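Listed below are the residues making up each chain.
Protein chains: 2
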Amino acid sequence: MHKIGIIDLGSNTTRLIVMAYEYGRCFQLKDEVSEVVRLAEGVGDSRTLRADPIRRAVEALSMFERFCKNTGVEQIIAVGTSAIREAKNQEEFWSALRRVSTLDLQIISAEEEARLGYLGTINALAIRDGFVFDTGGGSTQVCAVRDRRLLRSFSVQAGVLRFTERYVKSDPINKNDLRRLREGAQQAFAHLDWVRGGNGLQLAGMGGTVRTLARMDQKQRDYPLDRIHGYVLTRNALNTLIEQMALRNRREREALPGLKADRADVTLAGAVIIDQLMEQGNFHEILVSGQGVREGIFYQHFLAAHDPPYLENQRAFSIHSLACLHDYEPVHCAKVAEISLSLFDQLAPLHLYGAWERELLGYAAKIHDIGVQVGYYDHHKHSAYLVFNATLLGFSHREIVILASLVRNHRKGQADLDEYAQILASDDEIRIARLSALLRLAEYLERSKSQVVRSVEVRIQADTIQIVVHTTGDATVEIWDATRRAGLMKKAFGRNIEIIAAPML
Amino acid sequence: MHKIGIIDLGSNTTRLIVMAYEYGRCFQLKDEVSEVVRLAEGVGDSRTLRADPIRRAVEALSMFERFCKNTGVEQIIAVGTSAIREAKNQEEFWSALRRVSTLDLQIISAEEEARLGYLGTINALAIRDGFVFDTGGGSTQVCAVRDRRLLRSFSVQAGVLRFTERYVKSDPINKNDLRRLREGAQQAFAHLDWVRGGNGLQLAGMGGTVRTLARMDQKQRDYPLDRIHGYVLTRNALNTLIEQMALRNRREREALPGLKADRADVTLAGAVIIDQLMEQGNFHEILVSGQGVREGIFYQHFLAAHDPPYLENQRAFSIHSLACLHDYEPVHCAKVAEISLSLFDQLAPLHLYGAWERELLGYAAKIHDIGVQVGYYDHHKHSAYLVFNATLLGFSHREIVILASLVRNHRKGQADLDEYAQILASDDEIRIARLSALLRLAEYLERSKSQVVRSVEVRIQADTIQIVVHTTGDATVEIWDATRRAGLMKKAFGRNIEIIAAPML
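Chains A and B are the protein sequences, given in the same order. Using UniProt numbering, the first residue of the first sequence is number 1, and each one after it goes up by one. Using UniProt numbering, the first residue of the second sequence is number 1, and each one after it goes up by one.
Simulated from the structure, these hints should not be mistaken for laboratory data. None of the hints are false.
Since the list can't tell identical chains apart, any single copy or any two copies may satisfy a pair.
The list that follows gives simulated cross-link-like pairs (lysine to aspartate or glutamate, DMTMM-like), each with its CA atoms no further than 20 angstroms apart: (1) K3 - D327; (2) K381 - E32; (3) K219 - E252; (4) K381 - D226.
Values in this document were obtained by computation on a predicted structure and should not be read as measured data.
Could you build all of it, start to finish, from the sequences and the hints given here?
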């Protein structure tokens, strides 16, 4: 695999991510090093970087450079954003950097930063039409997206540090400060009359503030997934969090689950900014993105052959990437997919499911065995663990629970779904049971991993589902095992299952 | 990686395992297919295999052959044991097999079977001097091991099927039957006066019966690990299980957690046989092996260059194998090991730990990052998950919990140890905290993965531990991060931690 390092020098933090990848096939985050260098510290209105912050930033960048050199990184892309962009004394920074480093740091414009954030989000979330925002320290970027393309972007001078400094003078915040904070945010977005929800337009959010708010909301709900990316934060939940933070002083806020100490000062202002964006745009929920500018830079590189650089089918791609990373067996998995989808299609009169379920079943077939890399025994459970912890692009949390449950059930037993009740729909239990049953049957008909089954023919009868299995050779054991393992299918479809061998001449 | 298929045709089950491996470096179980063909069904005293069982066995073997051919297996080793060995009409079996398969099935002697079982166990468990037994359907094999070498082996005509048929005529078993079963087992082992515990001699057990008993015992204790291999089954626990099974009829026995339906008939006899072996040999506990004949065949192949074919240092080997399977970074991990072991050695006056803790710390350093293959975020938790689910050779369960906790703690947070209370010793919490603190410090001193730290020098003072870090270049960030992350060390050693950079000239 290739390795690329991406460095992002921000106002507060500078970060390095290292991605391992094969062009167009798969990628994986291999390292992340994050240093809080506070480059913008003490800049104020003078727009002058101070000596200590410059020294800290240069030390971190030099360390990142060493890191990359020593871990086989072939290429580094480094960008600097607002703090360095807006500094009057850039030359001091450059001369300090050049003394210790040969790093080619590019200063990017606010528009380019917004575009890269959009690119990170558009590849990672199922957003087709809507808006993507990024709440930073000094400003909030808003991008309009139509048919996944970037239509336009805009920067609003409402940032969490800026607004905290300007409006939050009391602790806990008093009514007057809160009112002024809210008015400030309202005014900042007042001119954005083109940012409007409705007509299926979605709102996606990235950045530390929205991630923090999502984590806080998850903690309060005892959310069963440890995953921020793809989480849906409702405006109601956001308002509950604003209330809780507004009533507490700093020490009490730090005790709120999910709110880290270094965010305890600024998250209230961030939440109010986001709330006003939602108010004025008439949005009821935010789809939270765990990816942003750095990932955008990565996609631009990884998808250099695409214009614009986004994945045509992010879901299929990320399943393929996951399968490749865990060394899947393509021929076996393709046959399991083929058989289970054929069963799915022929059983449509009974289950009435559509393209969505079919898509998920196909994905589950592709990655059902990835857990073998953890350990053969209980590999179905390990496959589910890997799904729950993988970077998956464009899937909702509900879809991730369904996918994980399907791979969990592909051999034996059944996933316990109780803990996922707040994520799943009420009919998902039977949906998962039925799709799992098809996957399991296909798996046992491919028991010998020899593609001995040419095709399956389903005959739906009053009490029985007959499955005629056309084989190209001896499939005695496959038929026998599939028959023994048909219990879940019998239960899920409420009919007897009869499996009949039909060797082809 | 190479792939080898190993097939074992037994009296009840025939199994295929597929191992992927690189000679002497690493291996991993990739597939296991198990078919209950009941080859010995209806054999009785005539020692004649019947037509249906022969057909089923041949079908399974032929399927295994196809399986291997289609999954890139380069070589197959296939063995047949007692059922085929003792059959009068072997030729019928051979001609049926040869009609559909070119498989080169070797019939192995009882001695060879015992030796292969010994080989599987000696490589997988920390047994140096003692006895290894394998309770089968017709007989029990006992091997004496001295300095890990096979001294002698013996076959006793006490098997679970044989004894169930002969003695268990009532359900629940009545007192008379139970007494006769016990006497039968007693007599079977009466001549084994050379099988004796004491003087540190250990008893290891393999086979389905002992695994079933271990699982039952674990279920009753709410055992926190899902791992049979390396479990210690005490004679007291065994006697509790015998009582429970003796009081219940078949249906009630099937409700006992851990006792599968197909074992509900024969496990009582098996337990009584094992109990008598323990009684006469004066053993108080059994170290349970999850590996046996098939793995023995694998080791013989994998370690062809070794004579006898066992791993000199099974623990170090299996940690190395695990690290390789998950694509570890050798240079970085070696430096983390070096620094953490140097800290360990210099802090000996404070912790008073010895070679055992040092060994575990070194292993943890080697595999601390393997979880990155699952996902970068929370990779410390994924590393622990991989340790808990890996094939590790020669480790006790307590050691596995310690190892998993060390890798879990290497970045931040601390593993919750409460659920492992029944496995850990009372001072393991502080032991884990201290070793984790050293690992974490070493990890942050290797933050840039650039081996910038040449050595560390520890100065133990009344209230403070001073750590002088000799570096070969700029290590500002490493020192800074290590200082920030020294909280666990401060807590675990009860002193302030001071980290001082000392660049080398």
